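Trainee: Protein chains in written order, with my numbering: chain X, 460 to 874; chain C, 460 to 874.
Please note that a few of the clues may not be correct.
Any copy will do: because identical chains look the same in the list, a pair fits if it lies in one copy or spans two.
As the list claims (entries may be wrong) - Straight-line alpha carbon distances no greater than 16 Å define the calculated EDC-like cross-link-like pairs of lysine to aspartate or glutamate that follow:
1. LYS514 x GLU476
2. LYS807 x GLU782
3. LYS807 x ASP760
4. LYS857 x GLU836
5. LYS801 x GLU515
6. LYS550 x ASP521
7. LYS490 x ASP695
8. LYS747 x ASP856
9. LYS807 x ASP729
10. LYS791 x GLU505
11. LYS514 x GLU873
12. LYS684 x ASP564
13. LYS682 x GLU518
14. LYS857 x ASP808
15. LYS582 x ASP635
Read the hints as simulated data drawn from the structure, not as lab findings. Here the structure is a predicted model, which means the values were calculated and not measured.
Protein chains: 2
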Amino acid sequence: MALIVHKYGGTSMGSVERIKNVARRVAKWQKAGHQVVVVPSAMSGETNRLLGLAKEISERADPRELDQIASTGEQVSVGLLAIALQSIGAKAKSYTGWQVPVKTDSAYTKARIESIDDSRVRKDLNDGYVVVITGFQGIDGNNNITTLGRGGSDTSAVAVAAALKAEECLIYTDVDGVYTTDPRIVPEAKRLEKVTFEEMLEMASLGSKVLQIRSVEFAGKYKVKTRVLSSLTDPDIPLAEEANSGTLITYEEDETMEQAVISGIAFNRDEAKITVAGVPDKPGIAYKILGPVASANIDVDMIIQNVSHDGLTDFSFTVHRNELEKALEVLKAKVQPDIQAKSITGAKDICKVSVVGIGMRSHVGIASQMFETLSKEGINIQMISTSEIKISVVIDDKYMELAVRALHKAFGLES
Amino acid sequence: MALIVHKYGGTSMGSVERIKNVARRVAKWQKAGHQVVVVPSAMSGETNRLLGLAKEISERADPRELDQIASTGEQVSVGLLAIALQSIGAKAKSYTGWQVPVKTDSAYTKARIESIDDSRVRKDLNDGYVVVITGFQGIDGNNNITTLGRGGSDTSAVAVAAALKAEECLIYTDVDGVYTTDPRIVPEAKRLEKVTFEEMLEMASLGSKVLQIRSVEFAGKYKVKTRVLSSLTDPDIPLAEEANSGTLITYEEDETMEQAVISGIAFNRDEAKITVAGVPDKPGIAYKILGPVASANIDVDMIIQNVSHDGLTDFSFTVHRNELEKALEVLKAKVQPDIQAKSITGAKDICKVSVVGIGMRSHVGIASQMFETLSKEGINIQMISTSEIKISVVIDDKYMELAVRALHKAFGLES
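Turn these sequences into a full structure, and let the hints guide you.
Mentor: Structural data, given as structure tokens:
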């Protein structure tokens, strides 16, 4: 008997029939003797419908009110799932984020979990209940409802698993695991049985949209064994089969010793590039540029600064495409008067492609192999950024599929 | 400057356009210098949609989970209305029942308000905010979400007005006030400028569905000046005109001294009649019959027991039609073994028609005039019940419209 957390996405919760299937799957785990906590997302389309109503009223709606509205999608889901469980004979009880409570900071629409009180949930589990908890949301110190941002239910599930010291956190989704790259682009892509947290972190942040990145950070930090698996299988398949399917995200280094050098090719079309050119190269310049951007709550991904010429340097970084205009506004209003750059420009027609692998730490030549492959295809590299376990390049948007296919092949991921 | 509570029904909140109209109306009151608290219902159709989903999963859903689900409709409304207010320059903030908090008992789907903490709301009002509070809901002592039952937003609004000692509680609805009877049945029905709480209580409970009965009880108990008025007028009509429209429900007796003997004819088709016949007439028999019914949380309306013959009496009462089967089950399982009645029967083809008027206290002959009118129309009376300010009869369902029209005319309500 173990304590297991299940998480189901919006598609799995998309209709009354599907919710009943989720209930059958959950009940199967409980009948096998496990204590089960379930974190479902809102029914698919619901969050968009709710935020759409708000947007019809105002394009610049108060984030506090958006969270008040958006959080209801998950609240409906937990109630419906609890009823579905009860209707097939399982004891079940639902909780919203504030009822648990899941405490967060006050950054509406993108809050971070600070703590989870497990006492009420644990009592119910010991009393034989399946506990169904809203994903995506919590409350801040003043009892305001907050949401964690898109995909936040993954994070909620992992955080709940961490708080309860769960044996495993199962993320049921509409893919059957983590692949070497997106099979829609490379049909030969292979499912990985295991992947390390560090690799997954790079994969997730770079666009393999299986898991929300913050959930992976959480899983790594609290060493939560997390498995990504399919919610599309028959809910009544044998539990042992289900329990070993999908991709397990591990945190034990030794488990990965024998792994391939490269685990996968990730990519991302959600970013835009900003270049601040001709900046006097003085100490503190990076902070002067990025400080106001961060204060405006805009996330920055890649940051590149090259050596300077004649005391001037170029400073480039990427932000989410939706935040390009906002970032440029901030730079022109708050940064330019201070730094006197020659130009500040933005570009949306870019993408980022990365090779990821924990094995690359002990292997040389991965970077050169990557650059050679792209060069052979005639693809120009605009920016390069490296970490211990990944190399990312920014290239022209239109070459993305070509680059991914070429790299997948070059690193032998098809076999 | 006064503190005013506005309540808007589901129709008024039925679309983005209508929500914007509500915002304009509310902002008008705030601009005139009033502090305004708004209690909106869920968007029309939303509560039914949510409960419909639950019903698709299970016909006998857990009431706790139903409340978890149903309460989201109002939560969406408050967020949207706050955004609409902000978009036209009014400071606004929304709260759910638990955020205020509105404390209730634990009777899911029909909870009663126990207390309302006004501190957070009052602080916001003093800071210049319009405060938007969810109707229909609260939390019990264990932080479970509860709902007050259908129409509960009226009760929430009046309870909030009482807690804040508001100057007036304005119930905006799709009718422009309280009428002598339903104009759909009697086109000559007239709007009442004022009506006493006691009359309104009888009118509301008897089927003039303008206000939820519990809201009227609350208004009477805490002496909240409550006005029913139209939400369909132009939101920009002069405030003075709007403030004097509709029907004011008063609690000062003297204001009603000059009122007509009869204020209105109420009716109700939602009830069913239960007759427990041939019961030994002993002390405690009423309790033996109704105790188990009340324990099953079934509301009883009229109760009639006539004199006994040969030590046997007949005991009749009415319940809501939807609860007839449940009530009969309870009676057969828990009451019959104890009391040994000759028969227990139920009938749905009945209706209740009442004449209501605070003036009847000092006038004789109202009852006989009522019975004479019905008799002239050939309508048989099955049950009679009287109070100080109303006389109700149960008659065959099919005569309802006829009876209402005849009584409306007989008591001169058309002029």
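Trainee: Evaluate each hint against the coordinates.
Mentor: Hints, one by one, checked against the model:
no.	hint	verdict
1	LYS514 x GLU476	between (30 Å within a copy, 12 Å between copies)
2	LYS807 x GLU782	within (11 Å within a copy, 63 Å between copies)
3	LYS807 x ASP760	within (14 Å within a copy, 68 Å between copies)
4	LYS857 x GLU836	within (13 Å within a copy, 85 Å between copies)
5	LYS801 x GLU515	neither (39 Å within a copy, 63 Å between copies)
6	LYS550 x ASP521	between (39 Å within a copy, 11 Å between copies)
7	LYS490 x ASP695	within (12 Å within a copy, 61 Å between copies)
8	LYS747 x ASP856	neither (29 Å within a copy, 80 Å between copies)
9	LYS807 x ASP729	within (9 Å within a copy, 63 Å between copies)
10	LYS791 x GLU505	neither (37 Å within a copy, 45 Å between copies)
11	LYS514 x GLU873	neither (44 Å within a copy, 48 Å between copies)
12	LYS684 x ASP564	neither (25 Å within a copy, 41 Å between copies)
13	LYS682 x GLU518	neither (40 Å within a copy, 42 Å between copies)
14	LYS857 x ASP808	within (8 Å within a copy, 72 Å between copies)
15	LYS582 x ASP635	neither (33 Å within a copy, 52 Å between copies)
In summary, the structure is inconsistent with hints 5, 8, 10, 11, 12, 13 and 15 from the numbered list given earlier, while agreeing with the others.
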